[in-house]
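Undergrad: Protein chains in written order, with numbering that gives the first Met the number 0: chain A, 0 to 169; chain B, 0 to 169; chain C, 0 to 169; chain D, 0 to 169.
Honestly, the hints are just simulated from the structure, not real lab data. Not one of these hints is a red herring.
Which copy is meant is left open, so a pair is good if it fits within one copy or across any two.
Result set (DSS-like, lysine-lysine): computed pairs, CA atoms no more than 30 angstroms apart in a straight line:
no., residue 1, residue 2
1, K70, K45
2, K19, K29
3, K70, K52
4, K156, K70
5, K70, K29
6, K156, K29
7, K156, K45
Protein chains: 4
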Amino acid sequence: MQLIYLLTTGGTIEKAYSEKTGVVANAHSKIDRHLSLLRLPDSQVKIVQVLNKDSLEMEDSDREIILSMVKSLLSRRAPIVITHGTDTMVQTGLHLLRSLPALNSTIILTGAMTPLGFEGSDGLQNLTESLFAARVLGPGIFIVLHGQVFPADRVRKDRVLVRFVPIEQG
Amino acid sequence: MQLIYLLTTGGTIEKAYSEKTGVVANAHSKIDRHLSLLRLPDSQVKIVQVLNKDSLEMEDSDREIILSMVKSLLSRRAPIVITHGTDTMVQTGLHLLRSLPALNSTIILTGAMTPLGFEGSDGLQNLTESLFAARVLGPGIFIVLHGQVFPADRVRKDRVLVRFVPIEQG
Amino acid sequence: MQLIYLLTTGGTIEKAYSEKTGVVANAHSKIDRHLSLLRLPDSQVKIVQVLNKDSLEMEDSDREIILSMVKSLLSRRAPIVITHGTDTMVQTGLHLLRSLPALNSTIILTGAMTPLGFEGSDGLQNLTESLFAARVLGPGIFIVLHGQVFPADRVRKDRVLVRFVPIEQG
Amino acid sequence: MQLIYLLTTGGTIEKAYSEKTGVVANAHSKIDRHLSLLRLPDSQVKIVQVLNKDSLEMEDSDREIILSMVKSLLSRRAPIVITHGTDTMVQTGLHLLRSLPALNSTIILTGAMTPLGFEGSDGLQNLTESLFAARVLGPGIFIVLHGQVFPADRVRKDRVLVRFVPIEQG
Chain A
0 MQLIYLLTTG GTIEKAYSEK TGVVANAHSK IDRHLSLLRL PDSQVKIVQV
50 LNKDSLEMED SDREIILSMV KSLLSRRAPI VITHGTDTMV QTGLHLLRSL
100 PALNSTIILT GAMTPLGFEG SDGLQNLTES LFAARVLGPG IFIVLHGQVF
150 PADRVRKDRV LVRFVPIEQG
Chain B
0 MQLIYLLTTG GTIEKAYSEK TGVVANAHSK IDRHLSLLRL PDSQVKIVQV
50 LNKDSLEMED SDREIILSMV KSLLSRRAPI VITHGTDTMV QTGLHLLRSL
100 PALNSTIILT GAMTPLGFEG SDGLQNLTES LFAARVLGPG IFIVLHGQVF
150 PADRVRKDRV LVRFVPIEQG
Chain C
0 MQLIYLLTTG GTIEKAYSEK TGVVANAHSK IDRHLSLLRL PDSQVKIVQV
50 LNKDSLEMED SDREIILSMV KSLLSRRAPI VITHGTDTMV QTGLHLLRSL
100 PALNSTIILT GAMTPLGFEG SDGLQNLTES LFAARVLGPG IFIVLHGQVF
150 PADRVRKDRV LVRFVPIEQG
Chain D
0 MQLIYLLTTG GTIEKAYSEK TGVVANAHSK IDRHLSLLRL PDSQVKIVQV
50 LNKDSLEMED SDREIILSMV KSLLSRRAPI VITHGTDTMV QTGLHLLRSL
100 PALNSTIILT GAMTPLGFEG SDGLQNLTES LFAARVLGPG IFIVLHGQVF
150 PADRVRKDRV LVRFVPIEQG
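Here chain A stands alone, though its shape is the one from the complex (with noise of 0.2 angstroms):
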């Protein structure tokens, strides 16, 4: 049985839709429902609910929040998959990397264009895809959507073609 650990910390891929005030916002934490259409006989997901905000909203202080929770549980040598706004995703990735110099565990960012449930989402795709790559990376700091996979410094966000692309490394 493989342990993953996942984080949730809010952003599209948990957004939902209210009918009072017809606005898609962060609201209570959804992951639960649309990981049971997963089948992962031989895994065992512990979801951790770490913070519920759009990430253009989170500030140094939750970053660090992550990175607790994230120290906390390395010394379970089970991979964490951290599901996060993609806007900041890139500089949440750089922090605990920055953070974390002898890293010897999988993390695994991922998000959503489009919240879960909604037509068109990529939201379960992209939850498949990371705890997949939480089984079969080796150790690093990685961001998986999309069919890809970026080491966390080496990617950012084009919010025009609304996707990740590469970026050389500095």
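Starting from the structure of chain A, add chains B, C and D where the hints point.
TA: Using the frame of chain A, we list chains B, C and D on its own:
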């Protein structure tokens, strides 16, 4: 073959999520794609895109456009279904009611609390019911959704319950 | 609050795919799960599981069981929707029609060509229409599906077209 | 742009329900419709329809056809995903393994327990995982589904559990 006119005016039922802005709004009409999920072997549904507005932004002039389109179709002797935002659906229904005193056709107003294609949407249910009601109800102006039929002058939207409720006729 | 009885007897609408046999068959009733997708705020739908059979395997004794259940519910003065296999739906409808000459209630028979939950299924549409018809049609026995209403003695299934078509009353 | 060949051979993943016969069988390939639900902005997936058979009906000659197609594509230096019935997927995998001793490409076999588009289907998950695995796994022949990766010679289908389980290498 039963001819039915389906007039679209926007509203939540046809709203879509924008990946660039994160906002749910009326952009392009999408009812044809969802209508194609229904089996209506002896109905011919003609879609007429009249407006594409959040009903809170509708003005008197918009209601005149809807009324004008309805009037132009009455001679076809076919029932008319109008998809509309729920917030001012009753207002539009009352305007049609006052403006068409000798109405001999069936006119159905419907909409949705959650857009078509979003999880938990009531849009396809309401569209199904309205197209059915258009064939079996007699002349009059009705609001049809959630398994309910309301004469246009005996209903209001309850924004707390997020549904329509009957009112006593004044 | 409108009370509606929903009697299930099996048929394609409730069939499920077996991963062990690769066969689609009536195993467990699944209509409650799909019914919960509909918003019916002022309806109370009571599900009564009567049978769970492919309608080609129904015998006279099965139709007696259905008739008996219908008779026992008539005093409740609530409309009745019966989900049923399409192949012998008309036969059951005619049996009810002959056996209930003084019927003063609305009885709707419905079903599906493709099981609920399979892509392209007409099941939820037909269930939606039938529950709506149960509230708006007058007394009689009707087959309701695909946007159509047929008196039970004026309809046949066209197996080539995979739909119901009207017949002249004999 | 990553080129991936997707060879379809039939199996449950591509089966469809026939409204005329009530049987689930391999009729027309339908993987393209479901593939289009995935966002793969830097992948080019070329679908090659090789066979369309229940894998229990596959004969040696069918496996030769699959092998022949694989051989003809190896020079393209692109990974290959093969959709296949689960009952004899391992047999085909072993045939490829024995016939391609100097394999330097990644070949993934996948399938589903429930057809694509049926409720509860594992088809899209397995397709997602396999296309991802095709990009990140090294050379070899693997069975990928349900979050798992098995070398073709270390796996068997457990028909009671309806999943694949590892076997010790002989």
